[in-house]
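As a plain string of letters, each chain reads:
Number of protein chains: 2
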Amino acid sequence: MLNESAVIEKIWKVLPTRARRKGSDWLRLGVGDDAAVIRASSQRFGDGGDWVLSTDAFLEGVHFLPGVHSPVDIGYKALARATSDLVAMGATPRFFLLSLALPADRTGTWLDGFLKGMALAAREFGMAVVGGDTSRFCSVVINVTVGGRASRGNVMVGRSSPPQGRASHILTRSGSTPGDLIYASGTLGAAQLGLELILHGLDGKASTPRLPRGRQWRPILQPHLRPKIHIVLGRWLAGLNPSSRKVASAAIDTSDGLSKDLSHICEASGVGARLWAEKIPAVRIPQALQRGNAKLDPLDFALHGGEDYQLLFTVPPQAARRLPRRFHGIPLTQIGEILRLPARKSQRASRIELVTAGERVVPLKLKGWNSFAARSSK
Amino acid sequence: MLNESAVIEKIWKVLPTRARRKGSDWLRLGVGDDAAVIRASSQRFGDGGDWVLSTDAFLEGVHFLPGVHSPVDIGYKALARATSDLVAMGATPRFFLLSLALPADRTGTWLDGFLKGMALAAREFGMAVVGGDTSRFCSVVINVTVGGRASRGNVMVGRSSPPQGRASHILTRSGSTPGDLIYASGTLGAAQLGLELILHGLDGKASTPRLPRGRQWRPILQPHLRPKIHIVLGRWLAGLNPSSRKVASAAIDTSDGLSKDLSHICEASGVGARLWAEKIPAVRIPQALQRGNAKLDPLDFALHGGEDYQLLFTVPPQAARRLPRRFHGIPLTQIGEILRLPARKSQRASRIELVTAGERVVPLKLKGWNSFAARSSK
Chain C
78 MLNESAVIEK IWKVLPTRAR RKGSDWLRLG VGDDAAVIRA SSQRFGDGGD WVLSTDAFLE
138 GVHFLPGVHS PVDIGYKALA RATSDLVAMG ATPRFFLLSL ALPADRTGTW LDGFLKGMAL
198 AAREFGMAVV GGDTSRFCSV VINVTVGGRA SRGNVMVGRS SPPQGRASHI LTRSGSTPGD
258 LIYASGTLGA AQLGLELILH GLDGKASTPR LPRGRQWRPI LQPHLRPKIH IVLGRWLAGL
318 NPSSRKVASA AIDTSDGLSK DLSHICEASG VGARLWAEKI PAVRIPQALQ RGNAKLDPLD
378 FALHGGEDYQ LLFTVPPQAA RRLPRRFHGI PLTQIGEILR LPARKSQRAS RIELVTAGER
438 VVPLKLKGWN SFAARSSK
Chain H
78 MLNESAVIEK IWKVLPTRAR RKGSDWLRLG VGDDAAVIRA SSQRFGDGGD WVLSTDAFLE
138 GVHFLPGVHS PVDIGYKALA RATSDLVAMG ATPRFFLLSL ALPADRTGTW LDGFLKGMAL
198 AAREFGMAVV GGDTSRFCSV VINVTVGGRA SRGNVMVGRS SPPQGRASHI LTRSGSTPGD
258 LIYASGTLGA AQLGLELILH GLDGKASTPR LPRGRQWRPI LQPHLRPKIH IVLGRWLAGL
318 NPSSRKVASA AIDTSDGLSK DLSHICEASG VGARLWAEKI PAVRIPQALQ RGNAKLDPLD
378 FALHGGEDYQ LLFTVPPQAA RRLPRRFHGI PLTQIGEILR LPARKSQRAS RIELVTAGER
438 VVPLKLKGWN SFAARSSK
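Chains C and H are the protein sequences, given in the same order.
If you want my numbering, it's the 1-based position in the first sequence plus 77.
If you want my numbering, it's the 1-based position in the second sequence plus 77.
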């Protein structure tokens, strides 16, 4: 059992506290004082590269389960899910502040594992910890605030043009216009399938959440335990590409699930949308799981499963030809199109329609995933 | 009981979400998207005004008690204590991100009170909320990340000079040199006296924490319930003054208590210190309390009581003549001086010596306050 200053010392020792040498002039003062000092404009980014900030809680019993999720996975995912919001804005992740509350008996091997996982993610994403806070508490409470630098470019698409003279590019939720094409990266529903395996077991009947034994399940669990985030893709869509032109008109990360996250874009942009069920890159459900779990529907997982942290983005038709089928190995799939909002208010209740495999058009229900707590309390 | 999106809507409705008109060009994108976008350099601040960031957890049962602390006070203090770290750097508070986890039964009047208190603080400090996160949880967990702009000036004192061409001023813990004079703002130990009254009652014997009835106790409770932070003083010390010159060589806010916070300055600056007991502006303990609590020692409260959020700072002798006795009504008191570290390592165990009322010189014990949890678990 460590005291507070020993915990802090351990944190600063394990997590990267310095900026990477390349473009590192943004960090003026890191951990160890009352606050961190971030340079407003750096030589590398110039005036245009604004700072992008987001904060994210990761709570024991809500977002992860004691005795099920390993501290290494928890540490990795805590940083990945917070950073995913920067990726969805097209920013380059740079730093984070870690607020960590722990029971005394988690300051030993548990904390070591947690920091190992978080350091792994920080190095992978190129981020340094610049500040934090520690408390003793009855359960593990993690809060991560992340900061990144907006990409720069020449030409804007969508509505989010900054005032003249500012060349910073960000991807918002509000830039979609009717006619834009809707894309998703990677596979959808994969994280939810991993969670399903933990919550209900191989036969769909287990009532105590636990990790299934056997290496063969790791690939299915991986998207839930250690989600991949697509930093380079986000930056490329925002304009960090050879043409320095923004490719996407709007973007969001699929943290709540495709149906709910697409509705966020539609609301912010004042538009409707159509999805084609057959085009959606849904997770493949292995036969071994289907035998026990008769009702596992890949489309349901893909539409409503949360925590995939894929990029959901819209692209104007003229920019769509610049999109490759795969970007650095990540499949990019066109799954629908942005529509005008129905003229009649009475028809606007569902902004999104789904074209089924049988070519029927049905309104899409929003069943987005929230958290274990929200799920069990509904 | 509200669902997540209703809670978020309420938060954005009650808390100020826009920057003040004066100097407001720093906020490019606030709440409602994946992340906030903060302009790197603004016309008002120019290149030199760097961003200063800090994060702070405020936990039920650790930092405040259910049934004792009102939601309005909790909301106010959550923002004040986080912002105090910016003040100690001499920054001008600008924005915050609120991460809030709540039980479902706190989403009604409790949340209303909390947001009212936080909005009060935000308006007083001139801050806008630019992002956040909400979760459902078994107890109230608050995390506040604050951002401010560093002051600008012409001449630096202390060691923290930035590279040439950067005119941003920040107050660090590491700028003290032997010969500097040590100052404290306001009264020390006042917040601890308020907490004492709540924890042990008027007679010092009560075992269940509660707020004492009667208006006469409010002035004693106030420093604990709604601490004042000294934004203008911090900026002035950092160089936002007519001469544009830094006044203080180092600064910290007294969140852990004078003894512990001064030791932070000494460690960061590689120096020792001497405090004069008789000069320390200790809280006055009313006779009514002394009758029951025979052992309440004002000096003990002043040296080791936490959460005053006063400014503890050091000033080179030549700059000391610029210090008024009161700054905008806040008393500034010289309480000691910075010394060289003893040459012998064996003598460095205590970096701080205390000159008692009887003119004895004794090593100062560090008994800094941490949190209810740390206190009860020690």
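Warning: the hint list may mix true and false statements.
Heads up, the list lumps identical chains together, so a pair's fine if it works in one copy or across two of them.
As a list, the in silico BS3-like pairs of lysine-lysine whose alpha-carbon atoms are at most 30 Å apart [stated by the list, open to error]:
1) LYS193 to LYS305
2) LYS356 to LYS305
3) LYS444 to LYS356
4) LYS282 to LYS337
5) LYS442 to LYS193
6) LYS337 to LYS90
7) LYS356 to LYS193
8) LYS372 to LYS87
9) LYS422 to LYS90
10) LYS422 to LYS282
11) LYS422 to LYS337
These are calculated hints, taken from the structure and not from any lab test.
The model shown is predicted, which means the values in this text are computed figures rather than measured ones.
> When no copy is specified for LYS282 and LYS337, does a C-alpha distance of 30 Å or less occur within a copy, between copies, both, or neither?
Replying inline: Classified as within; 28 Å inside a copy, 55 Å across copies.
>> As a check of your reading, is LYS193 near LYS305 (CA-CA no more than 30 Å) within one copy, between copies, both or neither?
In response: Within one copy only: 17 Å inside a chain, 39 Å across chains, cut-off 30 Å.
> What label fits LYS422 with LYS337 when the C-alpha limit is 30 Å: within, between, both, or neither?
Replying inline: within (20 Å within a copy, 62 Å between copies)
>> My question is about LYS422 and LYS90: at a cut-off of 30 Å on alpha-carbon distance, are they close within one copy, between copies, both, or neither?
In response: between (57 Å within a copy, 25 Å between copies)
> Is it within a copy, between copies, both, or neither that the alpha carbon of LYS356 lies no farther than 30 Å from that of LYS193?
Replying inline: neither (39 Å within a copy, 48 Å between copies)
> Is the C-alpha distance from LYS444 to LYS356 at most 30 Å within one copy, between copies, in both cases, or in neither?
Replying inline: within (20 Å within a copy, 64 Å between copies)
> How do LYS356 and LYS305 come out at 30 Å by Cα distance, when the copy is not named: within, between, both, or neither?
Replying inline: Intra 22 Å, inter 58 Å, cutoff 30 Å: intra-copy only.
>> Within, between, both or neither: how does the pair LYS422, LYS282 come out at a Cα-Cα threshold of 30 Å?
In response: So LYS422 and LYS282 fail the 30 Å test inside a copy (44 Å) and across (65 Å) alike.
> Using 30 Å as the alpha-carbon threshold, which applies to LYS337 and LYS90: within, between, both, or neither?
Replying inline: between (40 Å within a copy, 22 Å between copies)
>> My question is about LYS372 and LYS87: at a cut-off of 30 Å on alpha-carbon distance, are they close within one copy, between copies, both, or neither?
In response: Cα proximity of LYS372 and LYS87: none, with 47 Å in one copy and 38 Å across.
> What label fits LYS442 with LYS193 when the C-alpha limit is 30 Å: within, between, both, or neither?
Replying inline: Neither, since 40 Å and 35 Å both go past 30 Å.
In the structure shown, a violation is registered for the earlier hints numbered 5, 7, 8, 10, in ascending order.
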